[in-house]
Amino acid sequence: SQQGEEDPQALSIQEGENATMNCSYKTSINNLQWYRQNSGRGLVHLILIRSNEREKHSGRLRVTLDTSKKSSSLLITASRAADTASYFCATGDTGRRALTFGSGTRLQVQP
Amino acid sequence: KAGVTQTPRYLIKTRGQQVTLSCSPISGHRSVSWYQQTPGQGLQFLFEYFSETQRNKGNFPGRFSGRQFSNSRSEMNVSTLELGDSALYLCASSFKTGQDNEQFFGPGTRLTVL
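One line per chain: the protein sequences are A and B, in this order. Following the working numbering, the numbering of the first sequence begins with 1 at its first residue and continues without gaps. Following the working numbering, the numbering of the second sequence begins with 1 at its first residue and continues without gaps.
It is possible that part of the hints are untrue.
Derived DSSO-like pairs (lysine-lysine); straight-line CA-CA distance at most 30 Å [said to hold, decoys possible]:
#: 1; chain 1: A; residue 1: Lys26; chain 2: A; residue 2: Lys56
#: 2; chain 1: A; residue 1: Lys26; chain 2: B; residue 2: Lys57
#: 3; chain 1: B; residue 1: Lys96; chain 2: A; residue 2: Lys26
#: 4; chain 1: A; residue 1: Lys56; chain 2: A; residue 2: Lys69
#: 5; chain 1: B; residue 1: Lys57; chain 2: B; residue 2: Lys13
#: 6; chain 1: B; residue 1: Lys96; chain 2: B; residue 2: Lys57
#: 7; chain 1: B; residue 1: Lys57; chain 2: A; residue 2: Lys69
#: 8; chain 1: A; residue 1: Lys26; chain 2: A; residue 2: Lys70
#: 9; chain 1: A; residue 1: Lys26; chain 2: A; residue 2: Lys69
#: 10; chain 1: A; residue 1: Lys70; chain 2: A; residue 2: Lys56
#: 11; chain 1: A; residue 1: Lys70; chain 2: B; residue 2: Lys96
#: 12; chain 1: B; residue 1: Lys96; chain 2: A; residue 2: Lys56
#: 13; chain 1: B; residue 1: Lys57; chain 2: A; residue 2: Lys70
The hints are simulated quantities; they were obtained by calculation from the structure and are not laboratory data.
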């Protein structure tokens, strides 16, 4: 079953703009991870943020986590055409051993 | 370091047949997880193996099974295929078991059931 719901489902922006994707979840978590998937391929891990962290950066990526609102956001700054992909949040739920993936956001970056 | 490999990449089967998919994890990784990805249901966890033992299982029928060998390679088997089993099957490896780790995904096996 899906835990994370991502918003928006699809996003189209111009190269150089920032892209923000949101993820909401329902249960208590130990960590939240973001993955990228290029069309029909495997997923690539982007960043992991633990439940006691509020913000994390990795290159052009910034992830925030608000456990009181059960939500996370992924910001990609200065987007590039190569950022075109689907982005998934995945939660490590307390009491479960497996990750639960959200429905994903399809990002299209126009050159 | 070589990434996660999956074979075959594409597979076409008919209803009622069975299929075996293979996954070779990154060298040194002992955990292998399997996921099914469909447009309707998204990414769903099938099971995880660690040191040849199934550590966790998702909500799939018994037609879906797996195993892991001493070299950490894993196979997934689906018996009595149904049309709804058409999907991209992804495996992921990690050094440790559990959900608190970065997972490294393979390119997937696209299964089409006719």
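Verification of the hints:
1. As the CA atoms of lysine 26 of chain A and lysine 56 of chain A are separated by approximately 21 Å, the hinted pair is consistent with the 30 Å bound.
2. For the suggested pair lysine 26 of chain A and lysine 57 of chain B, the alpha carbons sit about 21 Å apart, so the restraint of at most 30 Å is met.
3. Pair hint lysine 96 of chain B plus lysine 26 of chain A holds up; C-alpha atoms about 26 Å apart against a cutoff of 30 Å.
4. For the hint linking lysine 56 of chain A to lysine 69 of chain A, the alpha-carbon distance of about 17 Å falls within 30 Å, and the restraint holds.
5. Between lysine 57 of chain B and lysine 13 of chain B, the direct Cα distance comes to roughly 25 Å. Compliance with the 30 Å bound is thereby established for this hinted pair.
6. Among the hinted pairs, lysine 96 of chain B with lysine 57 of chain B is consistent with the structure: their alpha-carbon atoms are about 16 Å apart, no more than 30 Å.
7. A hinted pair counts as satisfied when its Cα atoms are at most 30 Å apart, and lysine 57 of chain B with lysine 69 of chain A qualifies at roughly 29 Å.
8. At roughly 7 Å between alpha-carbon atoms, lysine 26 of chain A and lysine 70 of chain A fall within 30 Å of each other, so this suggested pair holds.
9. Distance restraint check for lysine 26 of chain A and lysine 69 of chain A: the Cα-Cα separation of roughly 9 Å lies within the 30 Å cut-off, and the hinted pair is therefore satisfied.
10. Between the alpha carbons of lysine 70 of chain A and lysine 56 of chain A the distance comes to roughly 16 Å, so the proposed pair stays at or under 30 Å and holds.
11. Annotation: proposed proximity of lysine 70 of chain A to lysine 96 of chain B holds, straight-line Cα distance about 26 Å (limit 30 Å).
12. The straight-line distance between the Cα atoms of lysine 96 of chain B and lysine 56 of chain A is roughly 22 Å, inside the 30 Å bound, and the hint therefore holds.
13. About 25 Å separates the Cα atoms of lysine 57 of chain B and lysine 70 of chain A, which keeps this hinted pair within 30 Å; it holds.
Checked against the numbered hints listed earlier, the structure breaks none of them; every hint is satisfied.
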